[in-house]
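**Student:** Could you put the whole structure together from the sequences, leaning on the hints where they help?
For the protein sequence lines, the chains are F and E, in the order given.
Quick note: the first sequence uses the numbering used here, first residue 69, plus one each step.
Quick note: the second sequence uses the numbering used here, first residue 89, plus one each step.
Hints were generated in silico from the structure; no laboratory data involved.
There may be inaccurate statements among the hints.
[Unchecked claim] Output of the computed footprint for chain F on chain E, the stretches with three or more beta carbons under 8 angstroms from beta carbons of chain F:
hint	region
1	147 to 161
2	255 to 269
3	276 to 288
Ideal Cβ placement from N, Cα and C applies to all residues, glycine included.
Below are the chains, spelled out letter by letter.
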Amino acid sequence: MLELLLIPFLEATIRTATPLAFAALGELVSERAGVINLGMEGSIIAGCLGGAAAAVLGGSAVGYLGAALAGLLLASLFALFVVRLGSDQIITGTAITVLGLGLTGTLFHLAPTMVGVGATLPTTGPVPLPLLSSIPLFGRVLFTQPLPTYVLYVLVPIVAWWMRGTHAGLALRAVGESPVAAAAAGVPAARVRALAIGFSGIMGGLCGGTLVLAQVGSFNENMSAGRGFIAIAIVVLGRWTPYGTAGAALVFGGAFALQYLVQTLGLALPYQLFLAMPYVLTLVLLATLHGRAIAPAHLGR
Amino acid sequence: MVACGPRDADVQADQGFRVALLTPGPISDQSWNAAAYEGLMRIRDSLGATVRHVQTRTPAEFEENFRQYGADRFSLVIGHGFEFQDAAQRVGPEYPQTVYATTGGTGTGANIAAISFAFEEPSYLAGVAAASVSRSKVLAAIGGTELPPVRTSFDAFTAGAKSVDPSITVLTAFIGNWDDAGAGKEQALAMIARRADVIFQNADAAGQGIFQAVRETPGVWIVGSNADQNALAPQSTLGSVVIDIPHAFLLLAREVRDSSFTPRVVRFGTASDVVRWTPNPAAPALRRDVQSRIDSLRRAFADGRGPALAPAP
Chain F
69 MLELLLIPFL EATIRTATPL AFAALGELVS ERAGVINLGM EGSIIAGCLG
119 GAAAAVLGGS AVGYLGAALA GLLLASLFAL FVVRLGSDQI ITGTAITVLG
169 LGLTGTLFHL APTMVGVGAT LPTTGPVPLP LLSSIPLFGR VLFTQPLPTY
219 VLYVLVPIVA WWMRGTHAGL ALRAVGESPV AAAAAGVPAA RVRALAIGFS
269 GIMGGLCGGT LVLAQVGSFN ENMSAGRGFI AIAIVVLGRW TPYGTAGAAL
319 VFGGAFALQY LVQTLGLALP YQLFLAMPYV LTLVLLATLH GRAIAPAHLG
369 R
Chain E
89 MVACGPRDAD VQADQGFRVA LLTPGPISDQ SWNAAAYEGL MRIRDSLGAT
139 VRHVQTRTPA EFEENFRQYG ADRFSLVIGH GFEFQDAAQR VGPEYPQTVY
189 ATTGGTGTGA NIAAISFAFE EPSYLAGVAA ASVSRSKVLA AIGGTELPPV
239 RTSFDAFTAG AKSVDPSITV LTAFIGNWDD AGAGKEQALA MIARRADVIF
289 QNADAAGQGI FQAVRETPGV WIVGSNADQN ALAPQSTLGS VVIDIPHAFL
339 LLAREVRDSS FTPRVVRFGT ASDVVRWTPN PAAPALRRDV QSRIDSLRRA
389 FADGRGPALA PAP
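**Tutor:** This is the structure:
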């Protein structure tokens with residue numbers, strides 16, 4: 069039972085949650101600065117292609133770097149319009165996502181065999197951590213994962229500490245609550261927002277890099293498959309806190325993993341029912357987890 | 089506006105043979121859509137046709153593009169999938185000089201044809217082959233979405249497997265789209281965790297993830313579909329259930345060009361060699377008795393004497 073159902077389920081949960089957590093952590097920082105980055109999906113797909121192309125040129129480490137830069141590139145464009153030119157966040161973000169999906173598709177068609185189907189990209193498979201991976205049950209689940217997962221184990225506490233305990237983190241939160249008040253207190257609001265968007269782009273790019281380099285091993289069009297939007301839901305479910313976001317990413321990862329598992333059970337039910345599970349779960353959790361609304365006051369404006 | 093002038097003049101002067109293709113997904117998938125594009129290129133090269141391709145996602149786009157090519161007086165417009173049927177039925181009567189064909193489906197009309205592949209016949213053979221190499225007696229089939237032709241193919245695969253050993257289980261799952269290769273991989277890993285050791289994939293681009301899962305798991309076989317996918321994972325692919333879509337497109341286009349086209353369901357079965365089971369030459373040979381069983385089943389399908397299977401709609 070353990071071998072056949074529970075362990076594979078938990079492993080799949082962590083694997084599925086990893087790219088989602090990268091994107092959600094980026095989205096969280098952006099939203100705490102008051103910016104809804106709907107261009108996240110665009111950064112993710114850019115990260116997928118950038119990661120694949122860079123990995124072909126220089127191996128997997130260069131691949132992740134390329135993924136981060138590609139994500140940052142699209143986010144910079146978003147920042148330029150939203151922060152510098154004062155464009156509407158929702159419309160600009162949507163445009164960035166459409167641009168990212170279209171542009172990656174077009175670029176991909178120029179050299180599909182290099183990074184696409186049948187390409188042999190350098191992938192980064194699971195790396196068992198010494199000692200930790202031999203802990204019964206959890207060792208295998210938590211510490212026999214690809215490197216990006218371990219990066220997250222470190223990154224989540226760092227972001228949490230940075231946001232709570234540093235001046236820069238305070239500035240970020242202040243800008244999200246009231247850019248005017250923050251500016252009056254000497255915080256360069258525009259620069260903080262731009263940097264926050266840049267960080268979210270890098271995280272989106274790493275989400276894409278993880279998908280390509282740690283999971284699928286090749287690029288295909290639209291492979292981001294809505295993860296940018298799921299990331300936005302994760303931030304809401306995580307109540308705009310780093311640990312909450314990480315937890316919510318796990319909840320989503322678990323819901324998807326459960327969906328994969330349930331489909332293997334051969335139940336005589338329409339599969340669409342299982343596919344809807346993660347989304348139904350979100351609705352239920354959002355509706356039942358009580359507490360006051362804690363979105364940054366200036367979010368989206 | 090100036091640039092449009094000469095082009096319009098060309099269209100007016102030269103009503104040559106022109107063919108358009110609508111695919112539901114990217115033509116870089118090395119599967120369903122790639123094969124269609126290859127067919128379009130073959131129509132261009134062999135019949136000297138002017139060709140256009142467009143990727144369409146939603147039924148509204150299907151209709152809009154059907155309409156546009158009809159208004160442009162294209163000779164033949166192919167909607168590449170079962171899902172294009174309704175759009176063809178709606179738009180076809182408005183542009184009687186254009187022939188509309190859908191790959192899959194059963195809908196016909198005065199200028200509407202459906203190309204139907206007996207994909208279930210080689211799927212059955214794949215099931216026989218898969219059952220004979222399985223140690224765990226658990227097989228899996230993973231599709232993109234549950235289109236009727238995919239369902240029929242999976243049912244035939246299951247029937248083929250059970251004809252070898254009735255105790256075999258075939259687990260079926262759908263990803264919900266044809267793009268999410270990450271989900272494809274996880275679904276495959278979930279199947280493998282449930283001891284499946286042969287996976288029949290029909291998920292186009294999302295199938296890349298299924299191939300990756302199998303590449304990473306020694307001892308698990310994959311069966312490709314639509315195009316010959318044997319080279320994608322030579323060490324792990326048992327074979328591919330191939331539809332020679334380019335050949336089928338060429339046969340249909342030739343009819344349209346020669347004005348010998350009659351609206352009907354154009355059915356390609358094992359006899360036409362348009363659909364076939366293509367074993368991977370790099371995989372170990374099947375047991376002799378299994379191979380001869382597959383050969384005789386293939387002949388039976390070609391003669392119309394094969395096991396009764398629900399035909400692909």
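**Student:** None of the hints should be skipped; say for each whether it holds.
**Tutor:** Verification of the supplied hints:
Here's how the region 147 to 161 of chain E fares: 0 of its residues keep a CB closer than 8 angstroms to some CB of chain F, so the rule of at least three is not met and the hint is violated. For the region 255 to 269 of chain E, the stated coverage by chain F is satisfied: 10 residues place a CB nearer than 8 angstroms to a CB of that chain, which reaches the threshold of 3. With 7 residues bearing a CB less than 8 angstroms from a CB of chain F, the region 276 to 288 of chain E meets the requirement of three and the coverage assertion stands.
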